[in-house]
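> Guided by the hints, dock chain X onto chain G, whose structure is given.
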Amino acid sequence: MREWWSKIRRAVNLRRGLHDDLGEEIRSHLDFLIEENIARGMPPDEARAAAKRHFGNQTAVRERAREAWQFPGLETILQDLRYGLRGIRKAPGFSIVVILTLALGIGANTAIFSVVYSVLLRPLPYPNGERLIQLGESTPKASGISVTWINFQHWKHENHSFVDMAGFHTAVLTMTGRGDAALTYAGVVDSSFFHLTGSRPLLGRLFTEADDRWGATPTVLVTEEFWAKTLGANPRVIGQTLDLDGKAYQIIGVLRPGLKFFGRPMDFYLPLGISENNTVKRSQHGSTRLLALLKPGVTLSSARADLDAIMKRLALADPGPEEDHRAYGEYLSETITGDVRETLWILMGAVVLVLILACANVASLLLVRGTARTREIAIRAAIGAGRSRIVRQLLTENLLIAAIGGGLGLLLAKVCLRALVSAGPANIPRLSEAGLNWQVLLFAAAATIAVGLLAGIAPVFTARKIDLTSALKEGSVGSGENRRGHSFRNGLVIAEIAITLVLAFGSGLLIRSLIAAETSYPGFNSGHLLALELQLPPARYATVRTTLPGASTGEAARQFYGQLMQNLRGEPGIEAVGAVYCPPSAGDCGDFWYSVLDKPAPARGDVPLSLFNTAGNAYFQTMGMRILAGRGFTDADRAGGPLVAVVNEEIARKWWAAPQLALGQRIKVGGPYMEGPVYQIVGVAANVSQMGLDTAPMPEIYLDFLQHPSQQRVVMIRTAGDPAQLIPAVRRQVAAIDRNVPIQSLRPFERWMEAPLARRRFSTLLLGLFAALAMILAAVGIYGILNYWVGVRQKEIAIRQAMGAPRSAILRWAGWHAARLVALGIALGALGSWGASRWLKSMLFGVSESDPAMMILAGATVIVIAAFAASLPLWRAIGVDTVRYLHDS
Amino acid sequence: MSTVGNQPERLEFLQGTLEVLILRSLQAASNHAYGISLFLEQQSDNEFLVDNGSLYPALQRLLQREWIAAQWRTSPNGRRAKYYRLTPLGRKQLVAAMSKWMRFVEAMGRILAPEG
Numbered sequence: 000m001r002e003w004w005s006k007i008r009r010a011v012n013l014r015r016g017l018h019d020d021l022g023e024e025i026r027s028h029l030d031f032l033i034e035e036n037i038a039r040g041m042p043p044d045e046a047r048a049a050a051k052r053h054f055g056n057q058t059a060v061r062e063r064a065r066e067a068w069q070f071p072g073l074e075t076i077l078q079d080l081r082y083g084l085r086g087i088r089k090a091p092g093f094s095i096v097v098i099l100t101l102a103l104g105i106g107a108n109t110a111i112f113s114v115v116y117s118v119l120l121r122p123l124p125y126p127n128g129e130r131l132i133q134l135g136e137s138t139p140k141a142s143g144i145s146v147t148w149i150n151f152q153h154w155k156h157e158n159h160s161f162v163d164m165a166g167f168h169t170a171v172l173t174m175t176g177r178g179d180a181a182l183t184y185a186g187v188v189d190s191s192f193f194h195l196t197g198s199r200p201l202l203g204r205l206f207t208e209a210d211d212r213w214g215a216t217p218t219v220l221v222t223e224e225f226w227a228k229t230l231g232a233n234p235r236v237i238g239q240t241l242d243l244d245g246k247a248y249q250i251i252g253v254l255r256p257g258l259k260f261f262g263r264p265m266d267f268y269l270p271l272g273i274s275e276n277n278t279v280k281r282s283q284h285g286s287t288r289l290l291a292l293l294k295p296g297v298t299l300s301s302a303r304a305d306l307d308a309i310m311k312r313l314a315l316a317d318p319g320p321e322e323d324h325r326a327y328g329e330y331l332s333e334t335i336t337g338d339v340r341e342t343l344w345i346l347m348g349a350v351v352l353v354l355i356l357a358c359a360n361v362a363s364l365l366l367v368r369g370t371a372r373t374r375e376i377a378i379r380a381a382i383g384a385g386r387s388r389i390v391r392q393l394l395t396e397n398l399l400i401a402a403i404g405g406g407l408g409l410l411l412a413k414v415c416l417r418a419l420v421s422a423g424p425a426n427i428p429r430l431s432e433a434g435l436n437w438q439v440l441l442f443a444a445a446a447t448i449a450v451g452l453l454a455g456i457a458p459v460f461t462a463r464k465i466d467l468t469s470a471l472k473e474g475s476v477g478s479g480e481n482r483r484g485h486s487f488r489n490g491l492v493i494a495e496i497a498i499t500l501v502l503a504f505g506s507g508l509l510i511r512s513l514i515a516a517e518t519s520y521p522g523f524n525s526g527h528l529l530a531l532e533l534q535l536p537p538a539r540y541a542t543v544r545t546t547l548p549g550a551s552t553g554e555a556a557r558q559f560y561g562q563l564m565q566n567l568r569g570e571p572g573i574e575a576v577g578a579v580y581c582p583p584s585a586g587d588c589g590d591f592w593y594s595v596l597d598k599p600a601p602a603r604g605d606v607p608l609s610l611f612n613t614a615g616n617a618y619f620q621t622m623g624m625r626i627l628a629g630r631g632f633t634d635a636d637r638a639g640g641p642l643v644a645v646v647n648e649e650i651a652r653k654w655w656a657a658p659q660l661a662l663g664q665r666i667k668v669g670g671p672y673m674e675g676p677v678y679q680i681v682g683v684a685a686n687v688s689q690m691g692l693d694t695a696p697m698p699e700i701y702l703d704f705l706q707h708p709s710q711q712r713v714v715m716i717r718t719a720g721d722p723a724q725l726i727p728a729v730r731r732q733v734a735a736i737d738r739n740v741p742i743q744s745l746r747p748f749e750r751w752m753e754a755p756l757a758r759r760r761f762s763t764l765l766l767g768l769f770a771a772l773a774m775i776l777a778a779v780g781i782y783g784i785l786n787y788w789v790g791v792r793q794k795e796i797a798i799r800q801a802m803g804a805p806r807s808a809i810l811r812w813a814g815w816h817a818a819r820l821v822a823l824g825i826a827l828g829a830l831g832s833w834g835a836s837r838w839l840k841s842m843l844f845g846v847s848e849s850d851p852a853m854m855i856l857a858g859a860t861v862i863v864i865a866a867f868a869a870s871l872p873l874w875r876a877i878g879v880d881t882v883r884y885l886h887d888s
Numbered sequence: 000m001s002t003v004g005n006q007p008e009r010l011e012f013l014q015g016t017l018e019v020l021i022l023r024s025l026q027a028a029s030n031h032a033y034g035i036s037l038f039l040e041q042q043s044d045n046e047f048l049v050d051n052g053s054l055y056p057a058l059q060r061l062l063q064r065e066w067i068a069a070q071w072r073t074s075p076n077g078r079r080a081k082y083y084r085l086t087p088l089g090r091k092q093l094v095a096a097m098s099k100w101m102r103f104v105e106a107m108g109r110i111l112a113p114e115g
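Quick mapping for you: the protein sequence lines, in order, are chains G and X. If you read the first sequence in numbering that gives the first Met the number 0, its first letter stands for residue 0, the second for the next number, and so on. If you read the second sequence in numbering that gives the first Met the number 0, its first letter stands for residue 0, the second for the next number, and so on.
The following block holds chain G by itself, in its conformation from the complex (with noise of 0.2 Å):
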């Protein structure tokens, strides 16, 4: 303690006085010497020399006695810091290189982090967010699908796992009374989601479980941001109505914002019990999922299986088509990152590999540079420098350039990070809030730091061990090149190109992919093509649902669609016209079971799954869809009329030999387990990429547009030209039928089929960049290494031409020790490639993970840059010139 605080207070006031103090005090012990050799009889110039002689190393005194007066070497600190300043300027050249390379990986780590964090790592923003699940049922075919309403209430109030337990869905309503009729987006919660969630209100109160009582007078509760643009902020909304698909709701209150719980913003919630409290049959599927918290110590599959257990009672008591549904669940956080969860990893670890090898880099630079500097170290040593402190000096100077590379690196991330957002694909949460947040910063500071202790450790045990006589001797070449060292080397230099070569295997299997997807046929011709989508408002296109996803009967929409495509079909420009509900790579609009009636009964759980889409006449002339059998929908098919489906192509392969043998068959939706309508199959349909182009055909039933009317369909408008130009005449087309029909979208075609590969071109784009960052810098450090390899070596080579050795041999030898070490790596990173592709299996499309021809290009372009890389110092090795190098030394 009495020492700390006396450093404390030479530290604040004495540091200076000490120094004079120190000097004067050797100053004086120096003039005993001097007086005393006099008095010897020795002459003056003699005497202080003798004097000076005795009493040893002044600088190494004096420092070693302020030692004792510092902190852990914080003086020394400023000092290495200075040396290590002066360092980096003597060799600019050499520091640029180091310190680009480090702001590389740590920019590009850095970047890459910021979106796992802010994707994957963040906490949601929900109170015990790491506790909530998302609820789903499962059946043996699939999981995760809608819980009933009777199940959900046994769930809520029969379990012992959960605190509590939220039902939710989403809904699309038509809002009239306000200025011209909107679209608005609701989200159906019952009374416990705002609790689950931590919302707070603004204004009013929240919802209740009167709110979700059966015949409760409807309440609504607005978004803030709603209640700023759409009712202009008024402070006594409060008891106000809002009239939403022909019904008034009364708004009981105002939202906090920040609840951003579902994939799009809402403009208000709607209690989920008003209109499920009636449910009769436990089978009644709608589209709710339970938020729920689990208590906490509760496993998530303890949870399940109290669920579970709950369903098998149920199932006793209630006997039913889905006795055999259980439970199922998952985290939300899981819930929310989904699939990018994979992609995300397999950046980060592409990323992290890419800073092995810019700290390999710079531990081979600082290697080559540290044993340059043998010399400089020795005499710093010979003048009265400890070990330690040597050591320490250049751990500072090491880690000094290392900041400087991440402070030049975060700029680079802040750069990156900005082109990421904004390039990156819609679809991934929370990507656009990804930003340099404390964890980010501590993240780059802790990757600066290792990086500058990894490359800095391996010259520093060289420095260690250096030899002063030796390395003192003039000529002599270093001591640093020593068996432990070389090795090392050689292990840097494998190392590089085994991670190059991992990741350029990697990013090749992507980019093949990505081309594999991109110039996939889609099944139909998707130029000049526009699609207009349009959902009508259900107050004017009233329409009733039924149990078949998008169908539903409703005259007026029916008529609606049928004078827009005979006015669309008359404007000029405009070759064909046809309506589809669900089009190619919107992904699954609906799955559910069906039967083939003169097939084999399938057994209950092994009913097969088909998409369900709706399509109206001349919908697959207008996509240029091959009709492999019979025929498309046509006016003939009426409502009232037999039934009539197309199937595609992978149903009728299924389940007949031949594409014609379909035609006439029957199959009942539902299975054969369920009540359903009979359909009569009229045509076959040529398979078309439903999930996006990068996926493999999926079972799909077309149904008829004049059977099953919707409100919400995709108008598909087959141009002479470019179809961007027909937009303005579409708009009027719409208008001049009901001007209150909201357009949702109309957009040339191949803008949606971008959209499920933005993701995939996103990723591809960054491994690719990755990959090349990796070839740079491996060049980079095999140049560096053999260069200097052939350095230390031109004695060497001097001594074998002199003794008759002809260029050949030489470029032989130098070759050889070149080619072995990118052997071995080649051999190192083929096995590396093999475990890491199995990783990327989920992501490829078209190409195996183990593609042999994929293999070879790969090592070939590794070995091309290795070779350039190498030719450089290889032609440095026969261009020694042996009799001034003899000479000279």
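Treat the hints as calculated values from the structure; they're not laboratory data. Predicted model only: the values in this text are computed from it and were never measured. Incorrect hints may have been included.
A partial selection of chain G residues facing chain X, derived with a Cβ cut-off under 8 Å [claimed, not checked]:
id	residue
1	His-28
2	Asp-30
3	Phe-31
4	Ala-50
5	Lys-51
6	Phe-54
7	Asn-56
8	Thr-58
9	Val-60
10	Ala-67
Label pairs and their in silico Cβ distance ranges [as the list claims (entries may be wrong)]:
id	chain 1	residue 1	chain 2	residue 2	range
11	G	Arg-374	X	Leu-111	43 to 49 Å
12	X	Arg-109	G	Glu-35	36 to 42 Å
13	X	Gln-70	G	Ala-38	25 to 31 Å
14	G	Ile-76	X	Thr-86	30 to 36 Å
15	G	Ser-486	X	Phe-103	46 to 52 Å
16	G	Glu-35	X	Ala-27	52 to 58 Å
17	X	Gln-70	G	Glu-35	21 to 27 Å
18	X	Thr-86	G	Ala-444	44 to 50 Å
19	G	Glu-35	X	Glu-46	54 to 60 Å
20	G	Glu-35	X	Pro-87	32 to 38 Å
21	X	Pro-87	G	Arg-52	38 to 44 Å
22	X	Leu-111	G	Glu-35	32 to 38 Å
No residue lacks a Cβ here, since even glycine has one placed at the ideal position from N, Cα and C.
Here is chain X on its own, set in the frame of chain G:
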């Protein structure tokens, strides 16, 4: 590590001994650094070699612990020098250290040169 010329037969200080010896050298009267080194060399019959690279840091450490204090004064021959003296705390430390070292030396002697 010696910074003075090579006289292999002279002894270097064992770890921790120099500080005790400095305290002992100041027991009778205050002295300056040169005086302390002279005292130690003479009292040991030139067996000990006082390296300034060790002496000065040791003095600083003793100052820090406040076992000694320093003051600039004029020496009897008219030269300004920094004089060190024992503080009461240092005196207490010296007594404790002396008895410890005496026991240590006796024990060493008994082992290294057994009588009879």
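> Each hint: holds or not?
Hints and how they fare:
Contact between G:His-28 and chain X, as hinted, is supported at the beta carbon level, the nearest pair being about 5 Å apart and thus within 8 Å. Annotation: interface hint on G:Asp-30 holds; nearest CB of chain X at approximately 6 Å, less than 8 Å. Contact between G:Phe-31 and chain X, as hinted, is supported at the beta carbon level, the nearest pair being about 4 Å apart and thus within 8 Å. The criterion of a C-beta within 8 Å of any C-beta in chain X is not met by G:Ala-50, whose closest approach is roughly 10 Å, and the hint is violated.
Taken as an interface hint, G:Lys-51 does not check out: its beta carbon lies about 11 Å from the nearest beta carbon of chain X, beyond 8 Å. Interface restraint check for G:Phe-54: the shortest CB-CB distance to chain X comes to about 6 Å, inside 8 Å, so the restraint holds. The interface hint given for G:Asn-56 is met, as the beta carbon of that residue sits about 5 Å from the closest beta carbon of chain X, less than 8 Å. Given hint, G:Thr-58 at the interface with chain X, is violated; its Cβ is 10 Å from that chain's nearest Cβ, farther than 8 Å.
Proximity of G:Val-60 to chain X holds as hinted, the smallest CB-CB distance being about 5 Å (cut-off 8 Å). The interface hint given for G:Ala-67 holds, since its Cβ lies 4 Å from the closest Cβ of chain X, which is under the 8 Å cut-off. With their beta carbons about 45 Å apart, G:Arg-374 and X:Leu-111 fall inside the hinted range of 43 to 49 Å. Between X:Arg-109 and G:Glu-35 the C-beta distance comes to about 40 Å, which sits within the given range of 36 to 42 Å.
In this structure, X:Gln-70 and G:Ala-38 meet the distance hint of 25 to 31 Å, their C-beta atoms being roughly 26 Å apart. Between G:Ile-76 and X:Thr-86 the Cβ separation comes to about 32 Å, which falls inside the hinted range of 30 to 36 Å. Between G:Ser-486 and X:Phe-103 the Cβ separation comes to about 48 Å, which falls inside the hinted range of 46 to 52 Å. Distance hint check: the CB atoms of G:Glu-35 and X:Ala-27 are about 22 Å apart, inconsistent with the given range 52 to 58 Å.
Between X:Gln-70 and G:Glu-35 the CB atoms are about 23 Å apart, so this pair conforms to the stated range of 21 to 27 Å. Restraint check, X:Thr-86 to G:Ala-444: a C-beta distance of roughly 45 Å satisfies the suggested window 44 to 50 Å. At roughly 20 Å, the beta carbons of G:Glu-35 and X:Glu-46 sit outside the given window of 54 to 60 Å. One distance hint, 32 to 38 Å for the beta-carbon pair G:Glu-35 and X:Pro-87, holds here, with the actual separation near 33 Å.
Here the CB-CB span from X:Pro-87 to G:Arg-52 is close to 39 Å, well matched to the stated 38 to 44 Å. Range check, X:Leu-111 to G:Glu-35: Cβ separation about 36 Å, and the 32 to 38 Å hint holds.
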